[in-house]
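Colleague: These are the residues of each chain, in order.
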Amino acid sequence: MTTADHYRWQRFTPRERLARFAVFLGFAVALAASMRTVEVIPEFLYDAPTQVLDLFKRMWPIEYSYYPEGVHHALVETLHIASLGTLLAIVMAIPVGILGASNIVRVPALNWLAKLILVSSRSVNTLVWALLFVAVFGPGALAGTICIAFRSIGFVGKLFAEALEECDPGPIEALTAAGAPWPSVFLKGFWPQAAPAFWGIALFRWDINVRESAVIGLVGAGGIGMVLDTAMNLFHWDRVALVLLSIFSVVIIAELVVTNIRKRII
Amino acid sequence: MSGAEAFCRERPFKVNWPVRCAWFAAILYALYAANYLDVSWARFVVGLGNGATFLAEMVPPDFSRWQLLIDNLIETVEIAIIASAFGVLFSLPIGLLAARNLLPSWVTWPARTFIALCRSFHPVIFAILFVKAVGFGPLAGILTLVFASIGFIGKLFAEAIEEISLKPVEALRASGAPFISVIIYAVLPQVLNRFIGFASYQFDANLRNSTMVGIVGAGGIGGTMFAAFQRFDYDFLAAILLSIIGLVMLSEFISIRIKRVFQ
Amino acid sequence: MTTRTGNALAAQPERSLRVEHLVKAYQPGKPVLNDISFEVRGQNSVAIIGPSGTGKSTLIRCVNKLIPPTSGAVFVSGENISRLSGRALRHARRKIGMVFQEFNLVERLTVMENVLCGRLGYVSVWQAWRRTYPQDDIDRAFALLESIGLADFVHQRADSLSGGQRQRVGIARAIMQEPHVLLADEPTSSLDPKTSVEIMEVLVQLSEVHRIPLIINIHDVELARRFTSRIIGLSQGGIVFDGPPAELSNDHLKTIYGGEAWLQ
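Chains as they are written, first to last, in full-length UniProt numbering: chain E, 1 to 266; chain U, 1 to 263; chain L, 1 to 264.
The set of hints was computed from the structure by calculation and includes no laboratory data.
Mixed in with the good hints, there may be bad ones.
[Unchecked claim] Pairs of lysine-lysine, DSSO-like flavour, derived with a Cα cap of 27 Å:
(1) K167(U) to K57(E)
(2) K115(E) to K188(E)
(3) K30(L) to K65(L)
(4) K259(U) to K132(U)
(5) K263(E) to K188(E)
(6) K259(U) to K263(E)
(7) K65(L) to K167(U)
(8) K167(U) to K254(L)
(9) K194(L) to K30(L)
(10) K167(U) to K155(U)
(11) K115(E) to K259(U)
[Unchecked claim] Incomplete in silico selection of chain E near chain U, CB under 8 Å:
(12) V52
(13) L84
(14) V105
(15) P108
(16) N125
(17) V136
(18) V215
(19) S246
(20) F248
(21) I252
(22) L256
Glycine included, C-beta positions come from ideal geometry on N, C-alpha and C.
This is chain E alone, in the form it adopts within the complex (with noise of 0.2 Å):
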């Protein structure tokens, strides 16, 4: 192999390491000029245990007759925002999703605005649409509702766009050569392969607003953020036990109820 008295090996050439090399160093030099330059008080880091030991003690007893006067409705209010906003986040991504899917609308321009709807819905976030919609439609549930549903389209649409496109094209020529109009294309032949992506996307989706509406209302958006935002400011640490318990509840309940369903339909 060589005229050397012994091979060589190695596992990376030289420009891989030096890339891999590069990268590394990359990365250390960032996180050691952050660790550098962000304000963080080392007295504060070494207290937090003694501070959060203090937090709980003063959560304990949680103050569960809160619960019907308090709490109970803005529960529901979070669970139906969550509902409601998935449900129009559905409607309004499919529509999305299709122009997104560059085997099915094979205008690139098109292609093109629909990413931009997509990403742009994502590319923000939850608690930011938040904000904009209570500045837009006041605060309560229905800004509340229209966040989740604009936040989620671009969750739901592109990965749809993406089962879309995934479609086998063999069962689509065949309709299309047969002569099939558009619209019955899309329903026998597209629809029945992304229907299950497409339900798992969704409940997915409702997994995550169910969490995400319990915190909207910490900026006035509806539902039980507002609750917990209320008992903070007035230092009520045991009623904030109490609705962290709640949520901490229905987060568990929707994602066991998510995975059963889940189950069933794929």
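Based on the hints, put chains U and L in the right spot on chain E.
Modeller: For chains U and L alone, coordinates are given in the frame of chain E:
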């Protein structure tokens, strides 16, 4: 093509009644929920009017306070970098400990519970608690995002490990390799690509979320943005939103490049 | 290289495997292996034949405790494996090379990395992580790959190889361990007939060159007869035949496999 003629003449597809009922129920539910939430068309239209003024006030975006904007953006990026670094660092072992095909249940059970706890609360809630615990500022944001990262990557990484082929693992165990060497040679090569994918996705997510945790006082550009909202400073707000979107796009571009190096 | 191995061999006791009264029962009272005893020493290749599900794979895996035996003892070059655990077991496993039916290579690593995997029991975790193996190991790996005709594939990923090539890599990995006994679990079952013969040739030849006793699980009686000097017939968890291939008669095969129509 006789099948196609039949397709047009009769209905070869049965009407799927359960699905129709489900659609109907969904519509009914939507009406009920809209009523419950007091979501009405009239309010929507009024809102649209507000929205128009709102948008009008956002144009043109006001970049005159760019110094503050840049400082805040840098802090946001720093929070995201530190949180991602530690989040990825911790989620690697935790994800490994949670993989049920490699380790006994007394190890995986605590790891899985921890991951589930990290996942079940929205980052904002963590942020609130950490702000109470360590005070206002970026530290709370970093801690929040570390936990969020562990919840996300830890779970996906554990699932990825549970899907690997155990054959090479058996072979290396049979050759007397130490457990860690088995992990390095038989497990990591099978999941490394996916792990890098999760990690770079999580970096993007952390960047997006670090713009959010500021809203509750955990550092980064979110605080300034929230303040701009409350002061009806909508042209500055527009500038902030545009810079956030630009930042997120830039980081997505970089992460695509980095993934290529590790292909 | 040869002198080094030669000297090392002279200093060591003869390489051997001894299995004594081995019993394995997954469910109590229903043993899969019942009181198995045999001994292999020196340059000897042994085929274990028997129908599927008769515990051949379990037997092989009980030897290196991938599956813990219920009772009985296994000695490799005189060392009792069955009582070991933890680090001692790992060190004992280094002396047992294993070749698998489905090769069990790490698909995403290169051929060389896969072969060097055989040294993982000897190098530290840190060396393994950095891929800095002793030059000696790398030299031996190259020589080994050359001798089995894979010299041109050193830098290729394992998943780009054909079945026969993969199994060669699997064998090279086992030989790299410098084992005292080589176990092969149905090494040819995933291969076509021609490649199967080639793989058997490589196995037997390498075990002879490196003087490692070879034990092969195999259901193909013809291959067993052609390549090994001793056959152990397993049926319903017990040894029903143990002797040279010439003595293996159709009657024996009938007891081992049952029926006779297939013997024509």
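Colleague: Taking the hints in turn, state whether each one holds.
Modeller: Status of the hints after comparison with the structure:
no., hint, verdict
1, K167(U) to K57(E), "violated, 50 Å"
2, K115(E) to K188(E), "holds, 25 Å"
3, K30(L) to K65(L), "holds, 19 Å"
4, K259(U) to K132(U), "violated, 37 Å"
5, K263(E) to K188(E), "holds, 24 Å"
6, K259(U) to K263(E), "violated, 33 Å"
7, K65(L) to K167(U), "holds, 16 Å"
8, K167(U) to K254(L), "violated, 34 Å"
9, K194(L) to K30(L), "violated, 39 Å"
10, K167(U) to K155(U), "holds, 23 Å"
11, K115(E) to K259(U), "holds, 22 Å"
12, V52, "holds, 5 Å"
13, L84, "holds, 4 Å"
14, V105, "violated, 23 Å"
15, P108, "violated, 20 Å"
16, N125, "holds, 4 Å"
17, V136, "holds, 4 Å"
18, V215, "holds, 4 Å"
19, S246, "violated, 12 Å"
20, F248, "holds, 6 Å"
21, I252, "holds, 7 Å"
22, L256, "violated, 12 Å"
Consistency with the previously given hints fails for numbers 1, 4, 6, 8, 9, 14, 15, 19 and 22, ordered from lowest to highest.
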